[in-house]
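Participant: Residues per chain, in single letters:
2 protein chains.
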Amino acid sequence: MTAAREIVLYDTTLRDGMQREGLSVSVEEKIRIARRLSDLGIHVIEGGFLGSNPKDEDFFRRLEGEPLGNAVVAAFGMTRGRGAKVNADPKLRALARSWVPMVTIVGKTWGLHVEKVLRVSRDENLRMIAESVAFLRAQGKRVIYDAEHFFDAYSAHADYAIACLRAAAEAGAETVCLCDTNGAALPGRVAETVDAVVAAMAGTCRVAIHTHDDTGCAVANSLIAVDRGADCVQGTINGYGERCGNADLCAIIPALKLKMGLDCISAENLMKLTDTAHYVAELCNVSPDTHQPYVGLNAFSHKGGMHVAAVDLDPTTFEHIDPALVGNEPHVLVSELSGRATIVRRAKELGLPIVGEKDLADRVLRHVKAKEHEGYHFEAADASFELLLRGEMGMGVEFFRLESFRIIDEKREDGQTVSEATVKVLVDGDRFLETAEGQGPVNALDKALRRAIERKYPSVKDIRLVNYSVRILDENRGTAATTRVLLDSSDGRESWGSVGVSMNVVEASWQALVDSITFGLLRQREEEEA
Amino acid sequence: MTAAREIVLYDTTLRDGMQREGLSVSVEEKIRIARRLSDLGIHVIEGGFLGSNPKDEDFFRRLEGEPLGNAVVAAFGMTRGRGAKVNADPKLRALARSWVPMVTIVGKTWGLHVEKVLRVSRDENLRMIAESVAFLRAQGKRVIYDAEHFFDAYSAHADYAIACLRAAAEAGAETVCLCDTNGAALPGRVAETVDAVVAAMAGTCRVAIHTHDDTGCAVANSLIAVDRGADCVQGTINGYGERCGNADLCAIIPALKLKMGLDCISAENLMKLTDTAHYVAELCNVSPDTHQPYVGLNAFSHKGGMHVAAVDLDPTTFEHIDPALVGNEPHVLVSELSGRATIVRRAKELGLPIVGEKDLADRVLRHVKAKEHEGYHFEAADASFELLLRGEMGMGVEFFRLESFRIIDEKREDGQTVSEATVKVLVDGDRFLETAEGQGPVNALDKALRRAIERKYPSVKDIRLVNYSVRILDENRGTAATTRVLLDSSDGRESWGSVGVSMNVVEASWQALVDSITFGLLRQREEEEA
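Residue numbers (our numbering), protein chains in the order written: chain A, 2 to 531; chain B, 2 to 531.
Identical copies look the same in the list; a pair holds intra-copy or inter-copy alike.
For lysine-lysine, the following DSS-like pairs were computed, each having C-alpha atoms within a straight-line distance of at most 25 Å:
# : residue 1 : residue 2
1 : LYS117    : LYS260
2 : LYS117    : LYS359
3 : LYS372    : LYS359
4 : LYS92     : LYS359
5 : LYS370    : LYS359
6 : LYS56     : LYS370
7 : LYS425    : LYS462
8 : LYS372    : LYS56
9 : LYS117    : LYS86
Hints in this document: simulated from the structure, not taken from any laboratory.
This is chain A alone, in the form it adopts within the complex (with noise of 0.2 Å):
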């Protein structure tokens, strides 16, 4: 091995990782985290099942226009039927008919499982592998051939284990991926087993390795398969998947790069690792771990006084890597110092540079911790902080003024729900009375609120509103509990967030409303004065 061997990193994060309990993307979202996947320098994209449900369909159809750079988009398929004709089999046909230029499909290696499971001969079995990945290739397609329970068979029945890979090989599978589907495998057994298996292979094909977190293994056994020779790591990010999640991606890449020396992805991509984890949980929906290897908050966290003071001496003696090199930082927990410094640098990134005025940054900081506090989070908000920013220097804005609003949400006999809302606001000393109907009160709200200040501003039609999530903070409240609202708002060219906190659900979105429609104003009235 040689330090220019490269490893192809292959995500199932839209496949296996959809898997875990409780997760589920909208197509929309699957398209996004498809772009980062890309923007990261990940080789193979898969995207999920062709053939099995209009949803992953619809997504495949999507994805043909979106421009992914390098990376290869596969779709999952299985092999054919028992007993079946290889090209009559629909979902093989909807593979080879699709245009994604590689399939993966999966199959049956364990003695147990083709009896049992499959109940069809083991030479049937052969010959069902044999057949799908030569249909597919003479379809012009990429073929995988995913040996399912690759290690259980392995040590079941290592011959007949191997006749499953050559079968795949021999028909024209560019790579087999061993996988330990039910994640049972522990690392002496990997280390022996691919040892095995790419002696057998013997550049016939490339090895991959698909590993499931069930012994706590799935990052070391993933890796110990590179040391012994495969070259390819099927992950998801965040090590998103069933039961106790597949090998993360995002532990498995800094440890390829950095500590054993191995080309993957460049030195660039891999610092917006950390800044990937955490998209992809947002749009997941699931809080990011903060104990995550790499890229987790408290990755490079510390807390006793000895450490902080050897780290400041130098870093090397208590951080493994610098979190740089992911795109992380070191976090030095309970500093009143970094948070000032932090304030700081944020207003000079704005343009409102705060100079030689210790106690504006204190008053700033006291402020957000105050309103972070309450529940308010600046990160993904940054047009809030900027409004609460020049509150404190004197440089606040208002458009617009609230004398009041009122909202009536009425599910009536007939089973249909209406939101109306009506608002009352003041505009340069005018007054405005505006009622509106909307999906719900919060869409209802907006649009009374555009009409109501669309006369003196009617540039805030440019002004749209391209994402809206809720948070419930204290969620053992029932539904008393308090609700975070952020929004991203654009007008086209620039996007910015704002954030809204209270037990309302309807009054934390107002808050959102009124600082993102601010916000773009002031933009835009920046803009005109430039």
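Knowing the structure of chain A, use the given hints to seat chain B on it.
Facilitator: This is chain B only, laid out in the frame that chain A set:
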């Protein structure tokens, strides 16, 4: 290595585990954790530092009277200060004076740290190790030497690292522990290093392993060390620890016992593992990780239809161990990826068997899939699923029927926000009209509904909403997005989840509320009838 080889389990939850960000337990809670560790059959319980803070002093004092079975209590400390007399070191004296039979002292082994952090010569460091161990031995203590940063130390200067271990062993330490303090090591390096240490120490003392999860390999590294001859493992329950955590004993113990055939705790005690993990999480006020290996709620869940069918046939096809061996159980989830077998199995679990009715199962499956396409999600909403199932079986229940509701949400001139809900419901032919104010529209609706039905169902007050969450499904539709609400309710004994979906958050909440209360009333009626 024979099958009779016994591995010593050394728990450091109460010391290293407590370094986890945000964790803090009382002395009383530490006592309760120690009792459970002893009950699980842990061999050594490290209680904390001695001589550094009053809380740990108090804990050790209280622990003296505790009957902890065969568990040995250890206290943690450091080698003597540089250039000082060992018998003048106040912390070592406190350790020597204490009742605890075992002391673990940490010391330097890595040249970088010896020179940069400790700022002593390498020879003085060897003397600090030897004198500290000898002093404690002379006071009758069993001594373990924790070699901090051992893997980095060994890579940098193997001879010196081994010399430090030898100094400890020759002074009477019964165990030397190889600590991967910053969690940097990958499996290959751990294997090589442990091989070298075991050969070098050649039976002069026991070799232990202590890993951190910064590369996601803590469990694997511990198991690999054992495989290479270490016979004591240090870890924490649930892998608690600073940054990314320590090695998780809940994953290590079953691997040693069930997969590596090594003796550590009895089969009977192993069945307490899941309970112990959840108990410790509870006392630490950390939500149990539902995806945790072996002990997580989802560790043995089955989702895809194909998997469930196979498990019914023979559990070994998809379960890597029998969950009962670690006190856990399989868990079948109903989701859009499920097939008919999942529906049949889940129905059986609910005591509503679908026998010989293929059509019914298909009908339920179609209904579930259609609802999930709209955005419903039944995995976390068992109550809504059971009500749907009952409906299809002709066993539907309706304790009340909504005629209409109306919500008025006002933000008044004085800035006050008020939510008021009015519901009109029919119960057994009687019509009830009730109004209530609440903290937000959903809370108001919840209160009004309860008022309306409590005259007929006074026990509705026993049904508490414990969890409320909102998920925006197509976030990019701004405030007109589809909303999914999940509610968890409890009657103090059992808890259940329900779901509602609508573009109107109030309507979605209403659906979930109705399912939640209907299900609670149904359970109450079933109990009365039983």
